[in-house]
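Colleague: These protein sequences, in sequence, are chains A and W.
Read in my numbering, the first sequence has 7 at position 7, and its numbers run on one by one without any break.
Heads up: take any position in the second sequence, counting from 1, add 1000, and you land on my numbering.
No wet-lab data here; the hints were simulated from the structure.
Hints should not be assumed to be uniformly reliable.
[Said to hold, decoys possible] Quick look at which bits of chain W chain A covers, simulated, 3 or more residues with Cβ under 8 Å:
1. 1112-1120
2. 1254-1262
3. 1863-1875
Ideal placement from N, C-alpha and C gives every residue a C-beta, glycine not left out.
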Amino acid sequence: MARMKFLCDADRCIECNACVTACKNEHEVPWGINRRRVVTINDGKPGERSVTMACMHCTDAPCAAVCPVNCFYTTADGVVLHSKDLCIGCGYCFYACPFGAPQYPKIGNFGSRGKMDKCTYCAGGPEADGSKEEYEKYGANRLAEGKLPLCAEMCSTKSLLAGDGEVIAQIYKERVMKRGYGSGAWGWKTAYRETIES
Amino acid sequence: MLIKRTERSEAASRGSVAATLSGQVGGLDRRAFLRRSGLAGGALAALGTLPIGGVRKADAAVAGPLSAGATVRKNVCTHCAVGCTVTAEVLNGVWIGQEPSWDSPINRGSHCAKGASVRELVHSERRLRYPMKFSGGQWSRVSWDTAIDEIGDKLMQVREKSGPDSVYWLGSAKMTNEGAYLFRKLGAFWGTNNTDHQARICHSTTVTGVANTWGYGAMTNSFNDIRNSKTLIIWGGNPAEAHPVSLQHLLEGKELNRANFIVVDPRLTRTAAHATEYVRLRPGTDIPVLYGMMWHVLKNGWEDREFIRQRVYGFDDLRKEVEKWTPDEVERVSGVPPAQLERVAKMFATEKPSTLIWCMGQTQHTVGTANVRTSCIALLLTGNVGKPGTGANIFRGHDNVQGATDVGLDIVTLPFYYGLAEGAWKHWARVWEVDYDYLASRFSDKKQMETPGIPLTRWFDATILPRTDVAQQDNIKAVFVQGHASNSITRIPESLKGLKALELLVVADPHPTTWTSLSVEAGRKDGLYLLPIATQFECKGSRVASNRSLQWGEQIVKPVFECKDDLELIYLMAKKFGFADKMFKNIKVENNLPEAEDVLREMNRGSWSTGYCGQSPERLKAHMKNQAKFDLVTMRAPKDDPEVGGDYYGLPWPCWGTPEIKHPGSALLYNTNLHVMDGGGTFRPRFGLEREEKLPDGTTRKVSLLAEGSYSKGSAIQDGYPEFTLAVLKKLGWDKELTEAEMATITRVNPANPDTVSWSLDLSGGIQRVALMHGCVPYGNGKARMNAFGLPDPIPVHREPIYTPRVELVAKYPTLPDAKQFRVPNIGFSVQKAAVDKGIAKQFPLILSSGRLVEYEGGGEETRTNPWLAELQQDMFIEINPSDAADRGIKDGGWVWVSGAENNSRARMKALVTERVGKGVAWMPFHFGGWFGGNDLRKNYPAGTDPIVLGESANTITTYGYDPATGMQEPKVTLCQIVAA
Chain A
1 MARMKFLCDA DRCIECNACV TACKNEHEVP WGINRRRVVT INDGKPGERS
51 VTMACMHCTD APCAAVCPVN CFYTTADGVV LHSKDLCIGC GYCFYACPFG
101 APQYPKIGNF GSRGKMDKCT YCAGGPEADG SKEEYEKYGA NRLAEGKLPL
151 CAEMCSTKSL LAGDGEVIAQ IYKERVMKRG YGSGAWGWKT AYRETIES
Chain W
1001 MLIKRTERSE AASRGSVAAT LSGQVGGLDR RAFLRRSGLA GGALAALGTL
1051 PIGGVRKADA AVAGPLSAGA TVRKNVCTHC AVGCTVTAEV LNGVWIGQEP
1101 SWDSPINRGS HCAKGASVRE LVHSERRLRY PMKFSGGQWS RVSWDTAIDE
1151 IGDKLMQVRE KSGPDSVYWL GSAKMTNEGA YLFRKLGAFW GTNNTDHQAR
1201 ICHSTTVTGV ANTWGYGAMT NSFNDIRNSK TLIIWGGNPA EAHPVSLQHL
1251 LEGKELNRAN FIVVDPRLTR TAAHATEYVR LRPGTDIPVL YGMMWHVLKN
1301 GWEDREFIRQ RVYGFDDLRK EVEKWTPDEV ERVSGVPPAQ LERVAKMFAT
1351 EKPSTLIWCM GQTQHTVGTA NVRTSCIALL LTGNVGKPGT GANIFRGHDN
1401 VQGATDVGLD IVTLPFYYGL AEGAWKHWAR VWEVDYDYLA SRFSDKKQME
1451 TPGIPLTRWF DATILPRTDV AQQDNIKAVF VQGHASNSIT RIPESLKGLK
1501 ALELLVVADP HPTTWTSLSV EAGRKDGLYL LPIATQFECK GSRVASNRSL
1551 QWGEQIVKPV FECKDDLELI YLMAKKFGFA DKMFKNIKVE NNLPEAEDVL
1601 REMNRGSWST GYCGQSPERL KAHMKNQAKF DLVTMRAPKD DPEVGGDYYG
1651 LPWPCWGTPE IKHPGSALLY NTNLHVMDGG GTFRPRFGLE REEKLPDGTT
1701 RKVSLLAEGS YSKGSAIQDG YPEFTLAVLK KLGWDKELTE AEMATITRVN
1751 PANPDTVSWS LDLSGGIQRV ALMHGCVPYG NGKARMNAFG LPDPIPVHRE
1801 PIYTPRVELV AKYPTLPDAK QFRVPNIGFS VQKAAVDKGI AKQFPLILSS
1851 GRLVEYEGGG EETRTNPWLA ELQQDMFIEI NPSDAADRGI KDGGWVWVSG
1901 AENNSRARMK ALVTERVGKG VAWMPFHFGG WFGGNDLRKN YPAGTDPIVL
1951 GESANTITTY GYDPATGMQE PKVTLCQIVA A
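Bound-form chain W, shown alone (with noise of 0.2 Å):
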């Protein structure tokens, strides 16, 4: 036998060596060998039974040849927005190793199989290298120089022949802030709201939906708040597989609570497999159940009725609905047990607090507004908002969706939900000192600059739709695309006419991506570019987690190959359009790459309306460095802290004020018990002062939208009160505060009425800093909303899906008439009307919806490429129900064929028998791309670029149907039939 020596004296590696460097001479502490146990505070106890005599000082003098020079550098994981640090260290230019990243108060050392992986990502030797050109059927590489000059000569000509609107700009939510943030810049100043990415179709409804009702679209909690729930309702989400670290606070809140963990969903998933009480709905019925949670709640008289007479908005118009509920009818729609739904109902209504957990079940559907506006509704009835434990905790789903999402990377707003309207353009024109004369000769006219625009779902429609059905200049001629996958779109058959239509097509991105495979697939032979981009490994910046805790990514290795920065390419396309000057006028540029710490400095300067003025780069990479003073469950450093005291983690916005004000961010939203400075809020007035209501005898009522009694601690104002402005700290005698400065920057902004001047338009900070001083919240204090008037339905009502196999409901439950939305037509409604008359349902019976996969993420080019994750992943498939595969003679592990309802679509996969799905309903996962209709597409990619795993996309079988407010797709509820290959 070998027995191996046991001193390990001379051992050092590179560990050693950057435990060094980071000032930790003489190997690990006690209380860091403890952590890496597994569980800090649980192990204390067993501090005497420490192993410390295996552990050796290290020495290093004698560094092994893995070990000299080694740093440490801490990113931020791509593949979700949990928020997970990834901690690196770099030898010579070289990502050699991650380390668990023990320090951050969100991941506390863990990952899951893609945060576990990412160091792949850089070192891929399928990415693109260097820009491609594909003309005349042939790919050839061309130089940066060249690609920029017939790219942007093409564009120009585009826009020259068919105005600005005919370009297409698809960004991401792969970028930093500063990318999205200057990507959004770019299309207004190439003068376009044609400017998209990965929100529309992830948590779009989300944004909308919630922010109609109580003021800002984002989670309200943390995951570290989930914690103190007691009891946690998951629905229309699979975290275990989408976010699993975020399960790390899920579960240990459900031990250390003994909570209740609720999963609803019409999948059991592997996060059901940990739940007290699994609820399985009918896909597409999640408002029925909702209100059928709440007809029990009323019934009990279980809901909260101080919280909704001081700080709710509707709650009448609301009971009307939720009365015709039944049990027994939202048994019939839904498949729902009443006893179970009496069960949840009153879990979640009397052990408090409780918090709503919901992802792309809820939203992704054409009636995802509706969907999660009913949810904050339940929320509201209970008195579940603004409390630590309780919530709408939403997960997003890419590590900056939330960042590009607030930086304005939309089609409805400029950066910070400012809007389209002409204010907010003299808003944004006064930050980036430019002249609104200029943005707004740069838009085809004024009423295109200040109307939404075409939503990415429909890119290929405003493409291939005859043309005055798209209301705009021109249709859609070109598509320049940096970070989307093309795969993730609903109705793949038909955007293959677009990709065959389009003069132009830009893919700039670490991969080729589906675009390209789909593309040559089209018959595409020439005006297709690929420029590779760096990952955000290789860039720095900063990115928003779920939670709204802002982050700082360091720069890990230089950009590989040949790639980019994200930002680099954006000046790029500024500076051969002509208007970099203008458009880069504070921000320093050096070698062509925008500094990131000057672009979010400028954000800084603008950005009053959402809170992300406080949240300075010096700030933010203070975070960083003292990641492990911040509290697990409060996510707050201790206030005596020099460098972050009191801060919460990551400043989580709304973070007021200058950065100098200290703003700690507020890590719950609309939390009355704490004090404004202290990350304390209020509901958010932005939908009038009082509403005239209709009474039953013809006349009518006001009733105020300003809280009643109800306010946060400290406030000055003990009541409801309007956002305020210069007239308002007038009318309070506060407007002698301001400084002679501030003064003079409100004049500046509004110099003909500088009394209508506000707290998102003062650029000074001056009248945000004197309401904060007197405990006011800038944007008021008003009521929530379960009666969003202004929305498609103001009063959510359960619409079914345009496929539905329930054709028998639809007559009292149809869809909304059609019309023309974000420029294009949605004729749902006919849709929907012909599948029922055609018998859709009779020849395609199975209910088809789709999810993630804990390995892959988004399309997955990028996951599919990496071989520790294809290993595990490598075929595609879809669940099938062992009642409804024994029908159709279906083995588990066969080849199927999928068929869908529209264009004779069909696709090959494998087939998983499982009783994951219940009978009548098929699953697929959406991360596979590369094969169509039976073909693998492998030869479409440029040599050496394909991913490892290709399969059939889900989205080739996916069907019509658009949310009303918001355009997002419907990739959970359509139709399909199954046959064995």
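Isolated chain A, as found in the complex (with noise of 0.2 Å):
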């Protein structure tokens, strides 16, 4: 089995915004909803930088580790998703997640934030592969088809990268030795506890 993992390419990334549409077109994700989004450092300054995030997919999810109603599970491709049908909206994982990558759907009376979403990988949940319920909760599940997530498929300049962990570090490294200099794989230590030499 695969362990699917992202790496952006900040010395790529051109804060284009591609993967921020292209999921909200995949799942229709609603306004207010973002399951990515790009960051950028040194905004305007020499040195700027832009990186995109959304959910890592951790290993030992610290959002899993904190949710007091069990609703995270990890599948055998390393993909970590959730049931909307368990998730009780009590924020704990935004707090926990090192990379805010859960979302609510509404700010309401006592502070109820409804059922959390974020990115899944375009892997879906609980519900059986491509069906309607799925879609609807979850969005597309692209993985059950034999593809990968969107927003790393239509990226402008290949800066995003989706895939089996081992594959997209070696893509990485070749890159970096090509052109000489490489801001490492951002977020890879705290997700997954690693980091790719070259």
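Dock the two chains into a complex; use the hints.
Modeller: Now the structure itself:
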């Protein structure tokens, strides 16, 4: 089985937001919910860099560790998913997540947030693959179709890579070797407790 | 803990059904999956570790509810000219999903924010659904029949009273080639040259400047070819936001070649963030900095002497101008430090191949034509034209702005750059099989028929100026706009007067646009119609990417609601005017819809001058079908392929001769290292064969304008030569190779004097065929011009912007004198002088420039209506340097009033305090609209059609200024003041 990961090559990311709208398009994510977003540091200054961020599908995911109702599960491909039927919208996962991935549809009376929503690695949820129920709750299930997350597939500069961790690490290593620079696989240490040697 | 089952064998989906339909029964193969992991080439080594176990065979028998019957259709993104293929999945007539277009050699699966969200454009609930009429200040729904009848009657009434030139036909770079061509043809049959589109405010200066240098005004190479460059200079462009997918090629080129990646721009753009060197200049000083570079080139002898000797005219004249631009003077005028300039000059001239990439930063100026000319000169000086990795890589902004320009949706020419002279009209009369006399009778007179029209930048001047100031029968009385924003035109406060004065305004568009909201704001109560037009995803036809490749788009879904295809509306208008039979004589029309393929075939029959004659619909469709076969860098298909063998992707023009001779297209222009039948070429001699020059001693000498000792590979003539005519063929003894049929056609073109029939007028294609068979380029083999005699500044000179903060420089570098251009006065000189005399720069001390955001396009109404995009940019803003902000007590994110130098204009927006702009410079995105002078105009849109995000338009603040050669506006340099609101 593969261990699916995301890798953002910050030397390639141009903050074009294709990943953001591809995600909206694929899953019909409503206004206000951003499963993926692009963050820019040193905006407008020399050294400006952008990184696209979403759920990184961590190894021993901290969200799962703090969830009071155990709604998270990890698939055999290493994708961290959750059940919206079980989620109580408590928001603990939001505080635990180092990447700010969990999103909530509303802030209502007494702080109720609604069911948590986040990047599914285009892998749906607990319902039957490709079913209407799965689509309505979690969006499309591309992985079941043998496709990778659309955000990475549509990335304008091939900055965002998705796929088996070893394969995308290899691609990144070769890139860094060829061009002679690389700022490292952003977030990998936090998410996967490893770095890519180059 | 839940554990999800790992068996996916029962999974099926629209994707797997799509795969089944396209012949990939059994799910994805290893190669396809590999490509999906991001990079094919680099990952091949890792094949063994592929996670193939995770992919199970799909079983169509248990297809999920999303899947049954989905089909895949390909079209092209409508948001810039990179030309990304859009792959759509369609189910029951509904566009249900977008998939990556892996096979396209241009985008290889990728999109930007706009391309990844185009599906929403078709679905949008905020589109115009049916024709609407504004009368007595009220909106009402009308039928198409009523709308066409009433509009047509009114237009004919205006024509009767004020002449054909009083109707302005504003077309669009959003149309297909077929639509834009028919729109121009409609103008011709109506009897006016007042037909224009977005190229006017985009790259009109490029087209004029570059064509006047070496023959054709287009990108010389391609996005893909930039992968070959060792030095890239992006000068006045921000492709990371305007053409994001192009960055895939630029960044990979930078990485693989360890290339110099230099950005020259007043702003430290998102592109500059990836540069190896960033040069900040004062807006409007491109010519001094380019000359400053050339000063170092000449001083150090880095110029390409052999290239100049063989292929360039006017080098001595250039040298004299360059000598004036010493490093000190360049720094004084532009602010660029001498040491940095020398470093950049050295990289550009010595670390070759080098390319110069530009966009609106160069073109949108009163000196736009001179700017691009200077860029071409820098390339010529260093021999960086006509080879892989070199060239003027001009990134165009709309999906079909190159094509719409080529097909002549323009005020200065008929289709394919034939011009407006009698010979050009007679050529098209022959192609259209209509009497020349009939066409002439449609115009107010022969002189107007041969006089360039009014640029779209001046439509409101032509409406409100005193009658005698407009050189035609009457002022503009009616505007028919089909696919063009109003807020992308400068001087909005003035345009409001025009919007009020018009007798009729017709807006044909998927959205009401700011034409509507500003018209209502201007006080218009009647005579306004909105016609719902389909997006290009609901139509079929060809569009031209920036690199001159033609791509055929399939109709993804039928037009929604009551929307109509562009072609259908054009036909309905022609029918109403009573000339549809003549205009569509050779074009099949079904249910009022002209067949796009037939329109393209008609273009093929007449477009010899530009080499649009070989791109038959059949060939273009074969290219879309065989996209995967084209090479990533050369864009060429293997020679042995049965369908597209040896072709360059999209048959980039010129694609000479008839489709039958199978010219492959020209991926690189002016490349003498290839045979012309392999896409090789030479510079085009279109300015005479020799030129008489005055020498200092008062005598004269004749200098040849033909190439000397340089020729394309395999040419039978191993020197310069003029364009081919029957007379030239006779002289060479090649006329006997013409077939009888070809000879008969040539004689028919000019029975009195067939010898004068040229390669561009011969409707048989015989002259081109014979020239090609001898390895010769039909248009000849000439020199490129550093000295473009005939243009306002034959050797470009620096001229200060009309509104400049450096008033002390105006005396030395004034703008050109007032003159009448394109039927209207250009009083730039008077405006500049008045601004200096009145001390405008003290009152408005900040330079204001404008540009693009990645999320939006053009006037932005369409993209601001798309929630997936609108959510990402919800507020109009102005960038201001921290030091200027501190002086004014402006906080980041706070509201400010921006006031402009004309019309007491003011606009309210948020401040973005950033070092991205230098001190003394402010910058606005130009996509916003729907606010004016602090007022929200949402109520002015018909209910339910207002874009989600509205905001002040940058052009509320922009001011006077027009390029003398093209009528280009000046949205890149003006003056403003900003105060906290």
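Colleague: Against each hint, give a clear statement of whether it holds in the structure.
Modeller: A quick look at each hint next to the structure:
| no. | hint | result |
| --- | --- | --- |
| 1 | 1112-1120 | holds (count 8) |
| 2 | 1254-1262 | holds (count 4) |
| 3 | 1863-1875 | holds (count 5) |
Checked against the numbered hints listed earlier, the structure breaks none of them; every hint is satisfied.
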